[in-house]
Structures are given as structure tokens and as C-alpha cells.
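Could you build the full structure based on these sequences and the hints that come with them?
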Amino acid sequence: MPAATPVLELRGISKAFGSVNALTDVDLTVNKGEVLALVGDNGAGKSTLIKTVAGAHQADEGDIIFEGHPVHIAGPKDAVRLGIEVVYQDLALCDNLDVVQNMYLGREAHDFFQRLREPVMEQRTVETLKGLAVTTIRSVRQAVATLSGGQRQSVAVARAVMWNSKLVILDEPTAALGVAQTEQVLELVKRLGEQGLAVILISHNLHDVFAAADRILVLRLGRNAGEYDRRSTTQEEVVHAITAGRPTKVAGITG
Amino acid sequence: MSTQSTAIDTALPHESLRTRAWEDFKGGNLGSAPVIVGLTIIVLVFAFTAPNFFTAVNLNNIIVQMAGTTMLAYGVVFVLLLGEIDLSIAYLSGICGVAAAELQAPGHTLPGIWPIVVALLLGCAIGAFQGSFVALIGVPAFVVTLAGLLAWQGAIQITLGANGPIIISNRWINYTASYFFSKDGSWAIAGVISVLYIGARIGSLFGRRRAGVAIEYPALFIGKLVAVPALTFLVVAICNHDRGVPLAGLEIIGLLIFWTYIAKRTTFGRHVYAVGGNAEAARRAGINVPRIRILVFTISGLMAAFGGIVLAGNLNSVAPDQGGGTLLLDAISAAVIGGTSLFGGRGEVRSAALGAAVIATIENGLYIKGYQPGVIYITTGSILLFAVTLDTIARRRQAKTGR
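Top to bottom, those sequences are chains Z and P. Taken in order, the first sequence gives residues 43 to 297; the numbers are from our numbering. Taken in order, the second sequence gives residues 44 to 446; the numbers are from our numbering.
It is possible that some hints are incorrect.
[Stated by the list, open to error] Derived pair list, reagent style SDA-like, types lysine to any residue, alpha-carbon separation capped at 25 Å:
| no. | chain 1 | residue 1 | chain 2 | residue 2 |
| --- | --- | --- | --- | --- |
| 1 | P | 307 | Z | 205 |
| 2 | Z | 74 | Z | 131 |
| 3 | Z | 172 | P | 254 |
| 4 | Z | 93 | P | 326 |
| 5 | P | 307 | Z | 153 |
| 6 | P | 307 | Z | 131 |
| 7 | Z | 119 | P | 334 |
| 8 | Z | 119 | P | 328 |
| 9 | Z | 93 | P | 161 |
| 10 | Z | 93 | P | 267 |
| 11 | P | 267 | Z | 158 |
| 12 | Z | 93 | P | 332 |
| 13 | Z | 119 | P | 311 |
| 14 | P | 267 | Z | 183 |
| 15 | P | 267 | Z | 162 |
| 16 | Z | 74 | Z | 170 |
| 17 | Z | 119 | P | 327 |
| 18 | P | 307 | Z | 137 |
| 19 | P | 307 | Z | 166 |
| 20 | Z | 172 | P | 250 |
| 21 | Z | 119 | P | 250 |
| 22 | P | 267 | Z | 140 |
| 23 | P | 307 | Z | 158 |
| 24 | Z | 208 | P | 329 |
| 25 | P | 307 | Z | 162 |
| 26 | P | 307 | Z | 157 |
| 27 | P | 307 | Z | 208 |
| 28 | Z | 172 | P | 255 |
[Unchecked claim] Some but not every residue of chain P turned toward chain Z, in silico, with C-beta under 10 Å:
| no. | residue |
| --- | --- |
| 29 | 251 |
| 30 | 253 |
| 31 | 313 |
| 32 | 317 |
| 33 | 360 |
For the record, the hints were derived by calculation from the structure and aren't laboratory data. Please read these numbers as outputs of a predicted model, since none were measured by experiment. Glycine included, each C-beta is placed from N, C-alpha and C at the ideal position.
Okay, here's the thing in C-alpha cells:
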């Protein structure tokens, strides 16, 4: 299943904030059509690693290789240009706007006179939602405020997918959801992989990880702590990698 | 309903008209319905109880009286959409009216429309200046514009203190409030508005059909297509019973169309709603939030200046109390009574005109019936409280329907 060239490859990424080493020599690979789960305890460096890829801050050391080419991601716009989209935990949707307006937020289709091209935007929104089999939304013209948590998350994910993105990073997409809505979103995550996107799923919830991911990468105290194929591992093994062997000294603090 | 089968979104079924209206109501999305109902009731009450209220002359009087406030209120809508407030607009309108009056006064007489142009630019500059403090430094808009309220009031008093009121003889300034179109001209205006409206509606229908997205319910579409031109011709017919359509009325309608277009059909307008709804989401989506904020305060300044010119033209003079009285609160109340939320992100440009019509009609009707100003203030205040209460309940309903 892995394609010849990974969509994203991180080699030896290190990042320090002052005297605290948030990341030390971290490697990560994610392929086309693959859902990679990134797991680890609080402070393991998941968010820092993702922000490095999203352009929120730069790594001190290491290489980012995107589709076989070394790239430098200096800001969020660079990441978007490469085709990297991040769906943040707190969604970043505008409640007062409708589904179409949110899908195109900041990237509205317009003509030379800055006039909005509503029919085009509505058509592509409907197509994208249908393509992802998001069928629970009553109308694409209803305000996001009237949607359920799962529907909102679906809109946020669909927005990330719509822009010909190659890599979608989902930060705790099920954290605030109930059981049924979690299932709905996990189905959506799996579908992204089936459609040939590379997906990085950050989660605390091992049930979610085992339901949706193909591979599982464990970080601990800013270092690689194991990589597992979902089909040939168990939750116990992953939990062990996340927690066990906890060193007596905290990384970054000498002595 | 058969036309909807051409739409491709069969996976997203469209509910019936009645279902949607009910869902909107449950979701706290009342739109302009409450203010239109309220205005109708107010007009009916006065029509049966106040002598000479329901006449063509008085309709024109109300239009001219509400024009200045409406201009300010158009700017207020944009500021409220951001979730901000602008307390400086009334005295800002005053200083711009004074500037226009000074520029046409003997001594430094600017010809033709130039005093108006300079005053409008002054309004933009002041608005942008105040907006920069809010957008770039993060000073609360309440404080920045409160400072503006005091400062521009002082500037008016200093400018006019020595010589007292200035008489305005520039006919363009006076025309903004007192020009009436000829009867033929008025009919022509009704014709042009109707043709433009029908053209725009049909154009948008074809655009949506071409893209294969859902189109409006045919009954609603045709209903609006008939109702808007019919209403336009009815109003013009009434105005023509008197002196014809006032230019002030055309200013109200023309700028209503213009600002609605900006708010609803341009990327800028969409970004204003986005910043008002969730500024952090807007920023993450790549919207330049400070730029939007400064532009909105510039619009507020521009419309305050325009209102100031209309108000000065209405009196053919400017006095040291220019921009004082209830102008500020009338303008903000107009936008809020019309249904624009004080909490940002929800509202329409038309709420300014509808709310200003409510305030002007109450003032006019109670005045005709011989009530003193105190009664008028109490009535306006009660309606304002009612409107904001309705908005707050609507918000709570919306929060309940979501999730």
C-alpha cells in the first residue's frame, strides 16, 4: 500500500524553547492514502511537531521532505501552498455564517470586482460534502450555529479537503463529541485515506486511534517512542510505549 | 417545486417553505419580520388616531426627517456587525457638517459640490484615525469613540463659538435634504428601480441554474418580483400627491442598495460578518482582521459625514449644538430596533432604514398628537428595550438549537 514517495517525511526534527527541548531528533513518515495516528501523553511534543509542519513555528534542526523534495515552511501560507491543511481542535468556524460561507472563509470565489460567486461556491460545497458522504446536513445554507458537534467537525474537515490538499492534519477531532458523532467523524477520517489523502490524526483516545488509523506513531517526552502497524499491535503495547519506561529525569532539564 | 429536481444536491434535501420558516424561527433567526410588523402597527395606530398623519405631505416629511439619522445608522450597522460600537458618529457628523458649511461660507468659498466632497473625506479620515486605535493598538472602541465624542463636540464649539451659526447658501448641500424630483422624474425613478431589481433577480436565478444549485421557491421568487416594484410605484404615487419624491428618499434607498450590496455580495462584506462572528477563525482563515476593522470605522465616519451634510442641509445652517441631542442614540437605536445584533455578526443594512423609520414615525405621530418630547423619549426607549430583549432571546434560542 505505501506509495513510492511518502507525502511527508520528517527527519531528525529538533526544537527547543529556551532550555526546554520540546522535540529531539523526531522522525515521521506518512504516505498517500494512509491515516497515521500520532499519540503520546500531554507534553509529548505532538502539538509542537504539528505546528512545525503547519508553519506556526520552525524547527531548529532536521529536514522536512514533502513529496520527495526538501521544503522550508516559513509560515502558514507556505504550508497551505504545499497542500497541507490543519483542522484545529477548536474548529475555527464562524457560527453566524452558513456552511458554504465557512467552507470558503478567507478564500471566497470572486470576480475582478470582488463580487462573490455564490453559485460556484455552493455547487462545490455540495459536491465536496457529497464526495465525503456527509449527508446529515440539512441544507448548506443553514448557519453553522444550528449544526451538531459532529456536523461542525465534518464541515471543518471538508473545508480542509476542498482545497486540493495532499496532507490533512486533524488535531483531536473527536475530543468534544458524543459516541455517535465520534463514529461519524472517524468514518470521515477513514474516507479521507481511502480517497488518497495522507492524514495525520492526533488523538488521546486509543479507541479512536485503533478505529481509524493504519499506523500509529508514539511520541514520548519529545522523542520517537515506537511505531506500530495497527493490524499487528494491541492497545496494551501502545499504552506501554506511551507511558512505560518513564525516565526519572525530565528531558531538557539537566541534572 | 418541480424546478428543484434540476438541482444536483439530492443528497441534501430541501425542506418545505413552511418547515424552513419554522426552523428559522426556532433557531432565533427572525430577520426583519418583527420590525416590519411593529412599523405596520405603529402606522395603523397613528393613521386612525392622529389627524393629518396618513397624508402624502406627512410621508414626505417623515422621509426627510429620518434621512440624516438613517445615514448614520447605515454606518452603525457595519460597526455593530463587527461587535464594536462607535459613540463619536453624532458629533463627527456635526463637525463634518460644520466643515462643509465653513467651506461654502464667504471667505473661503468652495464652489459646487466641493464642500460636500471635502466633508465626506474628512469623515473618512477621522473614522480611519479612530479605527486605527481599535484595530492596530487594541484600545477598546468604546473608549476611542467616547474620546471622539468629546473631542469633536469641543471642535464644533470652538469653530462656531466666535461667530455663532453659519447660514448655508450652497444649493447642493441644501438639496440633499430639500430637493424634490418632478412628478415625471419620480415615475422614472420608480421605473429604473423596478427594472434594476427585476434584472438583478432574474440574472441571479440564471446564474444559480447554470451552476445547478438549488433555487428559491418559485412562489416566493415571483411574489418578490411583483411585490417590490408594486411597492415602489405605490410609494412614488403617494409622494407625487405632494411635491414628488424627495432626494432624501432616494439617498435612503440608493445607499440601502449600495451598502447591502457591499455587505452581502462582496468579499469585504463577507469578511466583516466573519470577523464579527469569530475574529480568531477569521484570522486563521487568512483574513486581515485589522484592515477590516479600520475600513469599517472608515465607513462609519463616511456615513456620519453624509448624515451631517443632510442634517445641515435640512436646517440650511449649522449651529454650535450640531450633532447633539438624541442623534447618536437615535442612530444606534435605529440599527438595533431594525434587528442588528449588538453582539456582532448578525444583522442587515436594511435594519438601519427600518429602525430609523420606526423612530421617525413615532416622533412624528406623537408630535402631531401634541405630546411633549418626554413622552416621545419614553416611547422610543421602551421600543429599544423590547428590540434588544427580542435579540437576546433569539440568541439564546440559537445557542439551544445548535449542538
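Going down the list of hints, with the structure as the test:
{"no.": "1", "hint": "P/307 / Z/205", "in the structure": "24 Å, holds"}
{"no.": "2", "hint": "Z/74 / Z/131", "in the structure": "23 Å, holds"}
{"no.": "3", "hint": "Z/172 / P/254", "in the structure": "16 Å, holds"}
{"no.": "4", "hint": "Z/93 / P/326", "in the structure": "16 Å, holds"}
{"no.": "5", "hint": "P/307 / Z/153", "in the structure": "15 Å, holds"}
{"no.": "6", "hint": "P/307 / Z/131", "in the structure": "29 Å, violated"}
{"no.": "7", "hint": "Z/119 / P/334", "in the structure": "18 Å, holds"}
{"no.": "8", "hint": "Z/119 / P/328", "in the structure": "10 Å, holds"}
{"no.": "9", "hint": "Z/93 / P/161", "in the structure": "49 Å, violated"}
{"no.": "10", "hint": "Z/93 / P/267", "in the structure": "50 Å, violated"}
{"no.": "11", "hint": "P/267 / Z/158", "in the structure": "22 Å, holds"}
{"no.": "12", "hint": "Z/93 / P/332", "in the structure": "22 Å, holds"}
{"no.": "13", "hint": "Z/119 / P/311", "in the structure": "20 Å, holds"}
{"no.": "14", "hint": "P/267 / Z/183", "in the structure": "20 Å, holds"}
{"no.": "15", "hint": "P/267 / Z/162", "in the structure": "24 Å, holds"}
{"no.": "16", "hint": "Z/74 / Z/170", "in the structure": "19 Å, holds"}
{"no.": "17", "hint": "Z/119 / P/327", "in the structure": "10 Å, holds"}
{"no.": "18", "hint": "P/307 / Z/137", "in the structure": "17 Å, holds"}
{"no.": "19", "hint": "P/307 / Z/166", "in the structure": "19 Å, holds"}
{"no.": "20", "hint": "Z/172 / P/250", "in the structure": "22 Å, holds"}
{"no.": "21", "hint": "Z/119 / P/250", "in the structure": "32 Å, violated"}
{"no.": "22", "hint": "P/267 / Z/140", "in the structure": "23 Å, holds"}
{"no.": "23", "hint": "P/307 / Z/158", "in the structure": "9 Å, holds"}
{"no.": "24", "hint": "Z/208 / P/329", "in the structure": "19 Å, holds"}
{"no.": "25", "hint": "P/307 / Z/162", "in the structure": "16 Å, holds"}
{"no.": "26", "hint": "P/307 / Z/157", "in the structure": "9 Å, holds"}
{"no.": "27", "hint": "P/307 / Z/208", "in the structure": "32 Å, violated"}
{"no.": "28", "hint": "Z/172 / P/255", "in the structure": "15 Å, holds"}
{"no.": "29", "hint": "251", "in the structure": "5 Å, holds"}
{"no.": "30", "hint": "253", "in the structure": "7 Å, holds"}
{"no.": "31", "hint": "313", "in the structure": "6 Å, holds"}
{"no.": "32", "hint": "317", "in the structure": "5 Å, holds"}
{"no.": "33", "hint": "360", "in the structure": "40 Å, violated"}
Figure legend: structure checked against the earlier numbered hints; hints not met, in rising order: 6, 9, 10, 21, 27 and 33.
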